[in-house]
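Colleague: The chain contents come next:
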Amino acid sequence: MLLIRCPYCEEERPELEFRNAGEAHIARSANITGESDDDFEKFFFIRSNPKGIIYERWRHMHGCARFFNAVRDTVTDKFIMTYKAGEPKPAKVPGVAK
Amino acid sequence: MAKAATRKTAAATPSVERRAALAGQELSATGVKLAVLPTAERISLRAPEASVAALSKALGVTLPRKPKTSASKAGRTALWLGPDEWLVIDEAGKDPLADCAEVTALHSAVGISHRNVAISVTGPAAASAINSGCPQDLSLDAFPVGAASRTILGKVEIVLLRTAEDAFRVECWRSFSDYVFTFLSYAAGDAAA
Amino acid sequence: MSGAFRIPGAGRLKQAKTARFSFDGQSYAGIEGDTLASALLANGVHLVGRSFKYHRPRGFLSAGAEEPNALVEIRRDAARKTPNVRATVQELYDGLAAQSQNRWPSLAFDVGAVNDIASPLFSAGFYYKTFMWPKAAWKNLYEPKIRAAAGLGVAPDQPDPDHYSARYAHCDVLVLGGGAAGIAAALAAAETGARVILADEQAEFGGSLRFESGAGIDGQDGFAWAQAAVASLKAMDNVRVLSRSTAFGYYAQNFVGLVERVSDHLQNPGRDLPRERLWQVRARRVVLATGAIERHMVFADNDRPGIMLASAARTFLNHYGVAVGRNVGVYTANDSAYAAAIDLKKAGVNVAAIVDLRDNPTGPVIDEARALGIEINFGRAVIRAGGKLRVSSMTVQPKNGGGERIIPVDAILMSAGWTPSVHLFSQSRGKVAFNDETKRFVPGAYAQDCVSVGACNGTDGLSATIDEAYAAGAKAAKDAGAKVAKGTKPKVDASESWSRGMLGAAPGAGPNTTVKAFVDFQNDVTAKDIRQAVHEGMRSIEHVKRFTTNGMATDQGKTSNMHGLVIAAETLGKPIPQVGLTTFRAPYTPVTFGSIVGHARGPLFDPTRKTAIHPWAEAQGAVFEDVGQWKRAWYFPKAGEDIHAAVDRECVTVRKTAGLFDASTLGKIEVVGPDAAKFMELLYTNPWEKLEPGRCRYGIMLREDGFIYDDGVVGRLAPDRFHVTTTTGGAPRVMNHMEDYLQTEFPHLNVWLTSTTEQWAVIAVQGPKSRDIIAPLVAGIDMSDEALPHMSVREGRICGVPTRLFRMSFSGERGFEVNVPADYGQAVWEALWAEGQKHGATAYGTEAMHVLRAEKGYIIVGQDTDGTVTPNDAGLDWAVGKRKTDFVGIRGMARPDLVAKGRKQLVGLKTKDPKVVLEEGAQVVADPKQAVPMTMIGHVTSSYWSENCGRSIALALVADGRDRMGETLYVPMPNGTIEVEVSGMVFFDEKGERLNG
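In the order they appear, the protein sequences are chains A, B and C.
Take the first sequence: its position 58, counted from the start at 1, is 386 in my numbering, and no numbers get skipped.
Take the second sequence: its position 73, counted from the start at 1, is 72 in my numbering, and no numbers get skipped.
Take the third sequence: its position 908, counted from the start at 1, is 1168 in my numbering, and no numbers get skipped.
These are computed hints drawn from the structure, not numbers from a lab.
Incorrect hints may have been included.
Below, a list of computed lysine-lysine pairs in the DSBU-like style, where the Cα atoms sit at most 35 Å apart [as the list claims (entries may be wrong)]:
hint, chain 1, residue 1, chain 2, residue 2
1, C, Lys659, C, Lys648
2, A, Lys412, C, Lys738
3, B, Lys65, C, Lys1144
4, C, Lys691, A, Lys417
5, C, Lys746, B, Lys154
6, C, Lys659, C, Lys313
7, B, Lys32, A, Lys412
8, A, Lys417, C, Lys1144
9, A, Lys370, C, Lys1142
10, C, Lys691, C, Lys746
11, C, Lys606, A, Lys406
12, A, Lys417, B, Lys154
13, A, Lys379, C, Lys648
14, A, Lys417, B, Lys65
15, C, Lys1144, A, Lys412
Work the whole structure out from these sequences, hints included.
Modeller: This is the structure:
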């Protein structure tokens, strides 16, 4: 069982309290009816599924109930960092060469 | 705001019996006692930072702002559940919903007195009993007296409040209370080990 | 005297009591403190099992958890039969009953041993090569036969009567392994005040100090020191000491799973004690002190009972006071076996000869053995063991060939050297590194916050081990945040030391031989099998492992992996590190299902949710159905009624007078805040801004892809407060869906969501008499049609308790849903029931509810929709706000595929024969005469007998269904094709007059 740092509870908490919520930083268009079929397909269906660093959403479902974002390495399963929902995608991730 | 919810605080006597879930159930094991606690008034309170002072004043208890903490005064306890969420429990027979109804600052107060059931877990092995199904570190360093958190017990969600070094209050939803009490009963039997 | 092989004055079980036990029906006496293995050996019993594949007679290889051979069944009673118990681990208790396994009709005469004679047929890869054809024979012949013959032991056939406990624990320093290293590390860590857990798989701490007669620490014998040190640790508040506790898995972020065997060693465990306790420990730092395991020598017939590891024989002697034979031989490639020979000789056992592969080794143990008059043969090999059910001799030959000499023995002690136990380190994702000088894999790069100390780290000698472990324990505590303490490091007075040894096949079992020189005893893998795997093209050690099954038995190759690897490397002509070690995986030793399941069985398997009204329904004899975790009243049969009669009566009564229905399980969410209506506009297809407080609306929620996700009636209590209902099963996911959008897409909205599902008990009262039933109990609400029209909500009181009274209908009749605080649910129900009785009302369950709503063509999300149905498909276009510019799903609904012709649309189906009730899920076709496979144009989603309509009714999703009104379609079934006519979805009261009836 992983330990995940909740940026709202400001501590690491057991994975059982959390639920994964898919890839992060995929914003819903403010003018969604104006989206082309291709753009909507990219927004709704296409995910990057990377080997390595993934930016993803989690919810501290059975804790503070907040959604937040995490940077995780899909190879080692290690969380590199977590940050609050709405905060920008980190330009530099600690310990990861970009 | 929330005028619609406030009317029912008007005095009226129910002509029918209140049947609380698991009312009066108790269990004793080596080092642990379980007891279903009496009914209490409860609200789920949601508010932005700017409203906290006004709500604290109206409720008579300072809403805690630090994660995993609670504040208590005169039979009323406010538990920090999230950055804009508190569980307010009143065991003194006063209605926190009515108190919040007077507050004009932005907030949401919803009555959940009947939604939750509370079970006390007390005794030197209380933490061990809860740790039978709760993955959090319940040592006094990590979870001191007054600490409060929504978390997991076995397969259900609970709200856990440490009321003393060897005493916890476990809150769960009504229909999960049978599961929670049964789980704690099994756990209590092995908690002294 | 408990056994002829018990040596007076030897061992530590001095003041113990006699324990009677049986093996294969024969009674024996042992001593409390014995393992089943030591007690059997004390009685001269070596033959305890038959091997897996060849059914060869087997005895004890080891004295510990690595045991591959001595697996027995322990029977406490009919339900408590545990197969595959390692006799070397099972502690003896008075009355213990054990049986041998994998033999028929008896252990000494086993018919299956014919496999041994036919063994050329069963060589490596046998299963992959032999049962290839004919194809059908696999399913009908080979698999059933193999399954019947395969497997170790027999699984119990009754429910497990024991219970299993579980505990999460946290600590600063977790020390795994309670030998000298683990104890020293735990002492150092505990002195700092850090929270320490020390765990060991054995009943007693000490590890190799159990047999190392030459160890002395702090002025005491090594084992005595260990007991004193552990006692002092147990006395400390910050230390938890777990014996009989195996760390079976090392997971991410220092999360370690341990199983504590609580009562398997007790004669009468009683009902209070769990059988096992699962510890899930999160540690800031882990100290691995898992020791090393001795390897056997790989030579012909090295599996005969009586042939065992030297350290095992020493343990049986020095701890249990048991001699494993009267005339033992020793075969070794390192010093440690000499110590065994010396101890046995001193205890009065004849040591026939030591055969040492090494040419001219020197050292104090060799000198001592020689001084004791033991015959020593350097540069020689044991090339064969004699005997069948028990070893009777060893055949010795110079290692480079030459004359053979047969030496009669009744036991052979062997040692090829010691393999560091890096299992847990490897599970932690650490990388092992090969030390070419000492020829062993030791911990290399670490992946987690742990450290290896002592033998598992390749550290030789007791002084070095204690130094290393004590320093590591102190550092682990410091790294975990503890203060530095000044403790006293244990002082080593005397120690034994050895290292090196040999790997792979010994002389006589090399290439070009066909002897059975076992590498893996449990899976019957020989040196020849491994070479054959390489010859047949396996290059990777992982492939060699799977092809031969070397190391894949329940002992996970604790004694065999290194030998297997080296034989493969030699055959491949590659250096050992290039071939590499196979991956170690959890569990370290087998773990029971019970300990994994823990409390989660019986009533705690899954929560059973019951409504506040449940006790009333139960008392009325209701039959319940599971809806998610909820128990819901399905129907209320009267005497003599089956489900059909009950449901027909309930349906008719509701439409004739009234019915009461427990709708408490419906999800309820209170949406509160100044932007509540804006939020509702975004989450539901319907318009909400203009809904007046006090009015309700049927809402549809979509996912972003445009498909229906949930539905429910929503009441507006105030401008800033909505009472939203969801489907019973959808409540948690709808809440999550709403929170997701609120928190991440629309965080600017001032609105909050609270689940009130369990705050309110909900009593639906439906039928022409519903108002008459409710009105007498209600205060503060005008119940006239003008004041409280269909689809409205009021707050007031009923029976003196607060209520949210909805005027709404899921039956098509005049109807109400009475929400009251849950604890009052049953009492208000009873009051309404009493009123209802005056009008002849019925209680009805979910089945009647389903029929009534289907008669009206009301859909159930999840039954008539399946995640691919749009509002238009379901005929619910009217519920989509046409002027809205945004809501979740608005863009998805416009996707080309969702607006194309040919989509399946929800319609009614009427069977030509009104008595025939279609099957839900049945497929619909246009032409029943077409060839199979037919083109299916839809399927039945709901189907019932409707007593109110006097015929069957059904809903179905049919391609272009709404263009097919009146068309005849066909439902092909196994016993004939059913003709149906496409109809509208409303079967009863098409004009909807009864809502105000």
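Colleague: Identify every previously stated hint that the structure contradicts and give their numbers, smallest first.
Modeller: Numbers 3, 5, 7, 11 and 13, in rising order.
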